[in-house]
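With the hints as extra help, turn the sequences into a complete structure.
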Amino acid sequence: MEYTISILLLPMLTFLVLGLFGMKLRPNTAGYIGSLSLAVTTGLAYITAGLYFSAPRVDGVFARIMPVDFEWLRFTEALHIDLGILLDPISVMMLVVITTVSLMVHIYSMGYMKGERGFQRYYAFLSLFTFSMLGLVVAPNIFQMYIFWELVGVSSYLLIGFYYTKPEAIAASKKAFIVTRFADLGFLLGILLLSYFTKTFSFELLTSGDASVFAGAAGVTFMGASVMSWALALIFIGGAGKSAMFPLHIWLPDAMEGPTPVSALIHAATMVVAGVFLVARLFPVYVSAAPDVLVGIGYVGAFTSLYAAVVACVQTDIKRVLAFSTISQIGFMMVALGVSGMGGHQGLGYMASMFHLFTHAMFKALLFLCAGAIIHTIGSNEMSRMGGLRKYMPFTHLTFLVACLAISGIPPFSGFFSKDEILTAVFDFNPNFGILMSFIAGLTAFYMFRLYYNIFWGTPSQYAHTPHEAPRSMTIPLMILAAITLFAGFIPFGHFVSSDGLVYHIHLDWSVAIPSIIIALIAIGIATFFYKSKCDIPDRLQHMYAHFYKAAYHRFYIDEFYLFITKRIIFNGVSRPIAWFDRHIIDGTMNGMAYITQRVSYAIRGLQSGQIQQYAFVFLVGTLLLVLLVVLI
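Position one of the sequence shown corresponds to residue 132 (the numbering used here), numbered consecutively onward.
Rather than coming from a laboratory, the hints here were simulated on the basis of the structure.
For every residue, glycine included, the Cβ atom is placed at its ideal position computed from N, Cα and C.
Hints should not be assumed to be uniformly reliable.
[As the list claims (entries may be wrong)] DEER-style ranges, computed between Cβ atoms:
hint, residue 1, residue 2, range
1, MET197, PRO708, 48 to 56 Å
2, PRO298, PHE618, 38 to 46 Å
3, PRO378, MET197, 31 to 39 Å
4, PHE434, ILE178, 35 to 43 Å
5, ILE696, GLY737, 33 to 41 Å
6, THR590, PHE184, 49 to 57 Å
7, GLY737, HIS715, 31 to 39 Å
8, GLU299, ILE178, 35 to 43 Å
9, MET724, HIS211, 45 to 53 Å
10, ASN159, SER343, 43 to 51 Å
11, SER511, PRO623, 39 to 47 Å
12, HIS626, PRO525, 32 to 40 Å
13, HIS626, LEU144, 52 to 60 Å
14, VAL285, TYR684, 29 to 37 Å
[To be verified] With a straight-line cut-off of 25 Å between C-alpha atoms, the simulated SDA-like cross-links for lysine to any residue are:
hint, residue 1, residue 2
15, LYS522, HIS507
16, LYS522, THR659
17, LYS663, ALA677
18, LYS305, LEU319
19, LYS245, GLN745
20, LYS305, LYS698
21, LYS297, ASN512
22, LYS305, ASP690
In structure tokens, the structure reads:
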């Protein structure tokens with residue numbers, strides 16, 4: 132499978148061509164080049180998936196294949212950095228997810244971004260991001276993953292800040308970059324700790340199950356925790372930053388200032404699940420070396436999921452509702468990984484997490500692209516400016532409804548199957564934990580249908596012009612993603628991806644599935660009663676719980692807390708006094724020494740006049756003084 136290097140090279144070459152020569156091309160030409168390149172890349176990814184998953188298993192598991200592998204840097208005989216491609220079930224699955232969603236976004240953008248200044252630059256950045264994300268998921272070692280991890284961060288910065296003349300977009304891109312770089316510092320420290328004690332960067336060795344790999348870390352502790360727990364916790368911090376886990380979630384809602392297709396690609400289906408993929412990639416290490424950290428990841432995911440779901444219930448910007456929905460759903464994936472292997476269903480959570488990653492990527496990308504079609508025709512993100520759009524945009528209405536039913540967990544849509552596997556794993560871990568996650572799933576159904584009814588039902592707004600359906604270049608991707616959302620749940624996902632590589636047969640636990648369906652239907656019923664037609668109950672509830680509503684609308688003031696910490700404490704309380712000390716004490720001391728040196732030099736400059744007579748006179752006087760001194764003594 133050496134041809135798989137083309138899956139990386141094609142987007143990279145497209146980026147170089149469009150980046151260097153894009154301005155010399157007509158905008159449509161640049162779009163066609165980017166889309167055609169991605170279509171070929173997607174075709175290669177599907178061929179790879181077909182060949183890989185149809186190959187005979189070895190001892191019941193799919194083989195790990197490294198079609199490309201070469202040494203880049205060598206530090207010691209054992210420690211070296213290689214570059215290459217690793218094909219295993221989760222990397223092949225991610226190739227399909229990334230290329231599918233990226234291709235849909237490339238095609239969709241031909242209509243959505245038409246006429247935008249910087250159209251060629253936009254497609255160049257899309258290709259750079261796709262190359263970076265593909266390089267991340269096929270990395271055979273953690274250091275190559277880190278290299279592409281940082282490239283993904285740069286690509287995200289460029290795409291969020293695409294509208295560089297818009298102050299909000301500039302601020303959002305900087306915020307995303309700074310927060311994720313802060314998290315990536317933890318990731319880097321974790322990599323250094325892990326590699327120092329294991330003497331390897333290779334995923335194959337780290338996840339082989341060989342206890343001798345971790346022998347160097349045996350008995351080494353710090354502050355009561357093993358060094359492996361510290362290393363893996365630090366690595367998770369990097370994943371938490373990319374996947375917008377609390378409290379590093381603050382960048383994702385603001386990132387909605389970027390173009391909506393970018394939100395579909397980066398902030399729904401690919402970059403934001405990089406943290407989930409990272410934990411899944413190192414899952415055997417977490418289970419064997421730091422199970423306590425894995426459980427902690429589950430609790431972080433649960434809190435993040437609840438927090439984001441509550442905030443999503445009161446947002447009025449449709450893209451921000453979807454942003455917080457994404458944070459909440461990624462929390463579900465983290466919870467599934469955290470509880471995996473802890474109960475009777477060994478590895479169920481792992482499989483369910485990867486299954487939900489796959490299905491969520493498709494229906495959340497569909498939701499964002501539908502939102503883009505709505506914004507494209509209305510010219511606003513606010514729900515108050517919408518209403519009754521089902522009459523004007525029937526196709527978008529239908530596809531949006533499909534995605535809403537999927538994320539709400541209604542059968543037979545794909546989200547039902549993946550979400551219920553997660554709930555089964557959580558209930559097996561802890562029934563109380565399962566009740567909490569079921570409640571969050573109910574909140575999901577509520578806020579999604581609140582969004583649906585406010586956009587497509589209710590009283591139509593006074594539109595400046597008659598809304599219309601999106602062009603075909605935008606509706607075709609919606610149709611494809613909706614079809615995937617309808618049928619992806621029937622994929623026997625456990626046959627392809629599982630924690631131990633063996634076939635995992637999915638069996639719906641109806642004792643979990645039926646209550647979750649009932650909860651979802653009740654939540655949808657409440658949303659229907661509140662928002663399908665005129666109803667004053669939401670306004671009355673908002674008035675009754677005004678303080679809580681206001682806090683939730685302002686994201687419980689987490690952003691304000693960060694600003695207080697940075698501006699009032701760090702900048703004013705720490706940085707400003709340090710700056711004063713630097714200017715007045717450090718610089719003042721140096722400047723004072725320079726001033727004294729200058730004045731003394733000016734005063735004694737006559738001693739170096741260059742006049743021989745003066746030197747002779749001084750010499751004679753000095754000699755006489757010495758003679759007189761000797762005689763007197």
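Consistency of the hints with the structure:
no.: 1; hint: MET197 with PRO708: 48 to 56 Å; result: holds, 54 Å
no.: 2; hint: PRO298 with PHE618: 38 to 46 Å; result: holds, 43 Å
no.: 3; hint: PRO378 with MET197: 31 to 39 Å; result: holds, 38 Å
no.: 4; hint: PHE434 with ILE178: 35 to 43 Å; result: holds, 41 Å
no.: 5; hint: ILE696 with GLY737: 33 to 41 Å; result: violated, 59 Å
no.: 6; hint: THR590 with PHE184: 49 to 57 Å; result: holds, 50 Å
no.: 7; hint: GLY737 with HIS715: 31 to 39 Å; result: holds, 34 Å
no.: 8; hint: GLU299 with ILE178: 35 to 43 Å; result: holds, 42 Å
no.: 9; hint: MET724 with HIS211: 45 to 53 Å; result: holds, 50 Å
no.: 10; hint: ASN159 with SER343: 43 to 51 Å; result: violated, 58 Å
no.: 11; hint: SER511 with PRO623: 39 to 47 Å; result: holds, 43 Å
no.: 12; hint: HIS626 with PRO525: 32 to 40 Å; result: holds, 37 Å
no.: 13; hint: HIS626 with LEU144: 52 to 60 Å; result: violated, 35 Å
no.: 14; hint: VAL285 with TYR684: 29 to 37 Å; result: holds, 32 Å
no.: 15; hint: LYS522 with HIS507; result: holds, 16 Å
no.: 16; hint: LYS522 with THR659; result: holds, 18 Å
no.: 17; hint: LYS663 with ALA677; result: holds, 23 Å
no.: 18; hint: LYS305 with LEU319; result: holds, 20 Å
no.: 19; hint: LYS245 with GLN745; result: violated, 86 Å
no.: 20; hint: LYS305 with LYS698; result: holds, 16 Å
no.: 21; hint: LYS297 with ASN512; result: holds, 16 Å
no.: 22; hint: LYS305 with ASP690; result: holds, 14 Å
In the structure shown, a violation is registered for the earlier hints numbered 5, 10, 13, 19, in ascending order.
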